[in-house]
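Asker: Chains as they are written, first to last, in my numbering: chain A, 2 to 337; chain B, 2 to 515; chain C, 82 to 490; chain D, 364 to 710.
These are calculated hints, taken from the structure and not from any lab test.
Keep in mind that this is a model prediction, so the values were computed, not measured.
Don't take every hint at face value.
Sample of chain A residues at the chain C side, in silico, Cβ under 8 Å [said to hold, decoys possible]:
1. A45
2. T46
3. A255
4. S300
5. T301
Pairs of lysine-lysine residues, derived as BS3-like cross-links and limited to a Cα-Cα distance of at most 27 Å, are as follows [what the hints assert, rightly or not]:
6. B:K388 x A:K223
7. D:K502 x C:K416
8. C:K325 x D:K502
9. C:K398 x C:K377
10. C:K154 x C:K398
11. A:K177 x C:K274
12. C:K118 x C:K324
13. C:K398 x C:K348
14. D:K502 x B:K354
15. D:K425 x C:K324
16. C:K483 x C:K269
17. B:K354 x B:K331
18. B:K123 x A:K223
19. C:K348 x C:K483
20. C:K274 x D:K502
21. C:K237 x C:K480
22. C:K149 x C:K115
23. C:K269 x C:K480
Glycine included, every Cβ here is placed at the ideal spot set by N, Cα and C.
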Amino acid sequence: MNTFASASNSNAPLRPDAWYRRVLGDGTTIIVAILAVLTVIFAATQSDALSASVLTDILNNSLPLALAAAGGTLVVLTRGFDLSVAGVVSLTNVLVAVHGGDGPLGALEGAAIAVAAGALVGAINGYLVAYWNLQSIALTLATMIVCSGVTLLILDAPGGNVSDFMTYTMTDRLGKIVPVALVVAVCVYLLWRALRRTDWGVGLYATGADETAAVLAGVPVKRVKLIAYILAGVCYGLAGFMLTALTSTGTPNAGEPYLLLVFAAIALGGTSFAGGRGGVAGSMLGALTLTLLQKVLFSTGVSSFYTGIFQGVVMIAAVVVAVFFARVSTRGEVHA
Amino acid sequence: MADALATSTAASGAGAPKILDIQGIAKSYGATVAVRRVSFDIEPGEIHALLGENGAGKSTIVKVLSGIVIPDTGTLTLDGRDYAPADPMAARAAGVSTAFQELSLLPNLSVAENLMLPRQAKGKAGLVSVAQSEARAASMLSEYGLGHIHPGVYVRSLSLAEKQRIEIMRAVARQPRLLVLDEPTAALSDPTWLFDILERITAAGTGVLYISHRLSEVRRLCRRGTVLRNGESIETVSLAGIADAGIFKMMVGSAARDTQATRSTAKQTRPEAFGVTNLSGGTVADITLSVGKGEIVGVAGLEGQGQRDLFRMLAGLTPVRGGQIRIDGKTVNLSSPAEAARAGIGFVPEERKTEGVFLGLRTDSNMTLPILGRLGRFGVVNGAREKAAVDQQAGRVDLASRYLKLKIGALSGGNQQKALIGRVLMSGARHLVLFDPTRGVDVGTKAVIYDVIRDFVAQGGSALVYSTELAELIHLVDRCVVIYHGTVAGEASGPDLSEPRLVALAAGHGVSDS
Amino acid sequence: MKFRTSLKTCAFALATVAMLAGSAVQSQAQTPPKKYKIYLSMSYSGNGYQTETSNLIKALAATPPYDKLVDLKTVISGTDVQAQAAAYQSMVSAGADAIITFPISSTGLNRAIHEACEKHVLVYTYSATVTEPCARTVSYITAGFAPNTAQWLVNKLNGKGNVFIDRGVAGNSVDKMNYDGAMSVFRKYPAIKIVAEYYGMWNSQTTQQETAKALAAHPDVDAIFGENGEDGIVAAMLASGQKKLVPVTGENTNGFRLALANADLRKRGLDGISSGDPINVSGYAFKLMMEELTGKRKVAVHNIEYPLPWVPADKVKVCTGDTFVNGCNAFPSTKVPDSFNTEVFDPVLTPELSLNSALHGTPTPGATIQPLPANVVKAAPDVPGVNCQHCQAPADLFKLTKVSATVHP
Amino acid sequence: MTQAPLTGGRPADTRSGDTASGLFARLDRDVRTAIALFAISVALIAASRVLGPNFGSLAQMKAILVISSFLMVVAFGQQMVILLGGLDLSVASMMTLGGVLAFKWIGGPDSNVVWGVPAILAITAALGACSGIGVSLVKIPPFIMTLAMGVILYGVTLGFTQGTPTGQPSAALSALFGSTAAGVPVLYLMVAAIAAGCFLQMRTSFGRKLYALGTNPTAAYVAGLPVHRLTIATYAISGASAGLAGILMLGYVRGVTLTLGQSYLLPSVAAVVIGGTSIVGGRGIYLGAAAGAILLTTLSTIVSSLGIAEGWRTIIYGAVIFVALVLLRDDLALLIRRSRSSSRKQP
């Protein structure tokens, strides 16, 4: 359709896209589909696949990555890259392991420490990127290195002691039904929904889509970015915290694997690296997918040597499908 | 100059406190001066026109008023109080709101969200309430006669016209003291919608700064107007007392005179160089035109009538929907700029900075880009030959050689344009397709560009030129095609080729109304 | 029919086992007539060491009678802890009888291992250890590699000189333990100066680069304390172009041993000790695990120590054949790459193995599983963070076993 | 770039081109950056003399250069991609693959080098081209495309070697790092290589078009440049240079591991960015990236000789990178000029 066509019948009512278009346009759909397929295969190839314990294990294993990916998504939405995730996860992991106390209160204290540390690093990143116009990818690389240095100062070998409350209760099932991991994930998601429904949330998408227009529309772009990086840091902190509970130890280089996995999860989740499109839910599901994929590859007996190939192919496939659907759903838009 | 100021101050001398009073605003970016000295004022309830060619400084004034750009010198007062907004929000708070030409809407947000930016309607728990936002948006939309747009629609799926309406409505709905409208009707086929709104708010005493290329609109709405030229306010005139020609003369200034070079008025028929038949695509509905060898054909039209897509189809940028393009007699299919270039088309885009030059590269590198292959063997560029080629071309477009070694971003718009045209000529194009080649360049450069185009066709080339400046077209081209609503509204040549005639055609009615 | 044959084979298998083991007749009667489902879990760090250890296990599992008795599956998880934990969990749900593994983290896998134990899955770790008490760890780590080699260096230097320390991976517990062990000795001698300390990541390539850098800054170095990848140290010294070579201690790469055996390098001053991590620990762990699994041995201790290899330069002897016969302990460079870890078999612990076992995981023709000596199991001392969670390391953890201090500070 | 309309583009340093005087100032900004980096490296070495008498010795510099040569080679490809506004995360796996193949094919008789090296370069280039195709034609974000490519290649290498790379060292390759006059041959080679790299970027039409495409993709398309071919070729170059680095590594350490390339991924990006190359593409020269590589190597050498905890060393390492970033910011000069001249709004 072109300007004149629409101008001529300009009083034809304009309603929101049909539901199927919106569904297709939303990257989350693809990841849900992939997840469903994997689950089916998994259930078919492993007898106790859907048993409570197995599911809990999967959730526990994927939660730290899911949290980290959630944080990374916020930065990607602003068209940035945050490599500091690896450093922050390691840092908070050892912080919690060394300074976390016993019992629920101790765990709470540990969480507080982790969140604070993450927020601090995030604030540094955010300030320098938003107000000094430093290249996000390069800056956060430096931050990551410094963080891992600080980590080694705190703990130069795996250790620290993690309370039984964290080790067992935090990774158990509430009332033997709901995995704690699931609860945490849902809480984070709800928190995101809430944030999404603030001026910052709207501004975040505005900034990512078109910074110039956002400024013209009065969005405080710099502050939006700063907050995005801070919240990202907080998420990394939580990831480090949950990782501590999962591994019941502080490991100085525990975060390293997350550096690239996080971006894999985000990509799987259908968040666009061009900014302004996507969301936290997709990334968290993306993280779950990566974990489940390992399980499926095991249960289907794929020679372990080749697991990497499958992971890579799935990543590419997901993005390609997302790109394709995005085109379909946005076809016929007027590009002014 | 002095008298220009005198008149403006005289005009602002008596009467009620001005809504806006601008005195001696100047602003420059590095080497490029955007605005030299601009002064004018707006009275309560007045719709004040800001007239001038592209690049005369209008958009800079808009940015200053909306707090995006802080002027280097000069003073602004709003309702008699000093007015120096640090950012868009400050401007808005002070009671100035703007509908921008490059619309400030976010495609990935809903209409409601866009309307509410940067502060959405809050429901319980202080969270954004989609329902409330959409409700408010809906009432707003219906109040301004856009009830047919559902507030939940994503802006990216709106037509350009709808977007423009939303942009305007958002500015108006903030009930500002001063409303700034930058080319508000560019995409509106029927501006009466806007005019009604303006009547309403001016009745309430709001001041409006109105920027438009459409003189007929300006005359209908505005009592006074200020003419800008090359970043200076030439004069603030009462529009009733001056004819279009007079205004154009002020806008174009000396350029009109000293480049009033002889035009090949001889109307012999020439063999076709390139042309299109029943071409449609983008906003072009159905256009047929032909350019002869050694001929300069002009294209005129109000903004958004399809001329842009016509040129971009010839450049291989906009996909062709129907009809055919002929070049040198052969029907061609231009699916990419590369193909267009191979076919002999030399395209100068309208957006110099984003689509034309490579700001990061040196001027000479910019110019030789398309012919690097020819400048050496085995893909290795022969420095000497490159220098020779550049110097020769620089002479042709009259570009001082001291600029050649600088990054092109450091050059003034005029010199950038010279380099760009130089590049296009270098590429060995046989047919020039120039979209507003003199946009925002100074008078001297204009003269140069005219000459370059003329001897290009004199050497057997052909050129299709679009310009927003009728005066320019009139003295440059052999004949001029006027586009309206994506079709050819008419053609003028020889004695027929006059501003009133073009204005009339462009406004969509056969007979002149001035 | 099928059942019958399998029964027959098992009977035969057990018969042989019984014969070889010469153990009580009841034990075989009790053992269930089935193939043991055993998983080998490696966390791929990518150096040859990983493959060689797994090859030994594969070879043993294919050596009669285990070939009839064992269904071995190898699983490689990435270098992150979650991946390996997830792998353990998958193995348990896949009905594993036992898991033999090289754990990537000494503490991070405890949960998964604990779950496995609760499901009565036998978990053995080789070379690297875990602090989860229900697992059996078989390792040389506690055998005093670092203090002994360090002391040897000190003796060699008569208590004074500039020393490099080539460490493993930053933030790793074994690295820390080796470092502490070495420093426990060096600190005693004020005249010993640690002029450079770098991380060779336990692979020849990084070690060579880091050593080359250090050598450039300190050509006046008098000795180098090395860990795995030490052949890189020698390579770096040779590449640096200095005439004079210095004593080097390291682990068991073939390149290193050949260098020590090389006469003119010795003349140029090269000397050293080849000690540390033996590939064979995996073979030993596997045999031990099988004996416990088949009920032929009750293993009481959790942490089992593998005897520390100790090959001084003058004891290096290049083998002519494919086994360690008449005291040879290195292979010609035509047979194995420099980075090959030589300490692949032990005449007492794993006589079944040969070079091809280590290189290709193939059993030695004609070999059958020999039982381990009855009293072979040696308990390892507690080391917090290495093989136990909340425990005290013995005061004499770093005691000297192979050498004694000949010089006094 | 989206900022341009608001800030009116960046006259930045370009202005100093004609106003400022003095040879140094008249040099191109990127060259200045590179020189500055070399200066920092030399200064570091000089300063390190306090650590020991042999610091700053010629031998040390040679050693540093030899070791940094691998990073230089990887950084070259990485920079080409970054100039394009992309990023290549597959260099690590690509380098490993190169090393593994070299170990298997080139090892042994020197004659193998003749066919082996071209073959391996061709393979890695082809694999790089695949990333390029994914990025330019299928429109997959470079970050994801190359990340996935890296993961896949690692899997392939793992499967191909079944865990242990097998083969023999190559005397011919090792000769490059000749024992006695260590570095000297390499030294010349490296200078030549750096020169060649800069030449490719500055003086060939491919290089020129690359910059154009990097600075302004839209304009490049409008100007009719072969955008897709350029992109694919660039990723192919990146693949090949990573492969070459792997081959060289075999020459240096007479054997390979599957972790060969891992330690080069982030440094390759760091070297490029520190070298004054903008991550959004279009500006920077190889001289800078090479200087960045040397700086990083020098830094780690000196840091590892500091008698302090590894933690502190890492912190220092990161801090220096950070400082370099701040000092070499694109618009730093502009900002200073502004803050001096007037209280104008900052971009």
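Asker: Now, for every hint given, state plainly whether the structure supports it.
Answerer: Right, here's what the structure says about each hint:
1. A45: violated, 14 Å
2. T46: violated, 10 Å
3. A255: At about 7 Å, which falls below the 8 Å cut-off, the nearest Cβ of chain C leaves the hint on A255 of chain A intact, so it holds.
4. S300: Because about 7 Å separates S300 of chain A from the closest Cβ in chain C, which is inside the 8 Å limit, the hint holds.
5. T301: violated, 11 Å
6. B:K388 x A:K223: violated, 44 Å
7. D:K502 x C:K416: Measuring from Cα to Cα gives roughly 49 Å; hence the hint is violated.
8. C:K325 x D:K502: Not satisfied, since the Cα-Cα distance of roughly 58 Å exceeds 27 Å.
9. C:K398 x C:K377: violated, 36 Å
10. C:K154 x C:K398: violated, 36 Å
11. A:K177 x C:K274: violated, 59 Å
12. C:K118 x C:K324: Outside the cut-off at roughly 56 Å; violated.
13. C:K398 x C:K348: holds, 17 Å
14. D:K502 x B:K354: At roughly 25 Å apart (the allowed maximum being 27 Å), K354 of chain B and K502 of chain D satisfy the hint.
15. D:K425 x C:K324: holds, 17 Å
16. C:K483 x C:K269: With a Cα-Cα distance of about 18 Å, the restraint between K483 of chain C and K269 of chain C holds, given a limit of 27 Å.
17. B:K354 x B:K331: violated, 33 Å
18. B:K123 x A:K223: Cα-Cα ~23 Å, so holds.
19. C:K348 x C:K483: holds, 25 Å
20. C:K274 x D:K502: violated, 57 Å
21. C:K237 x C:K480: holds, 18 Å
22. C:K149 x C:K115: holds, 9 Å
23. C:K269 x C:K480: holds, 13 Å
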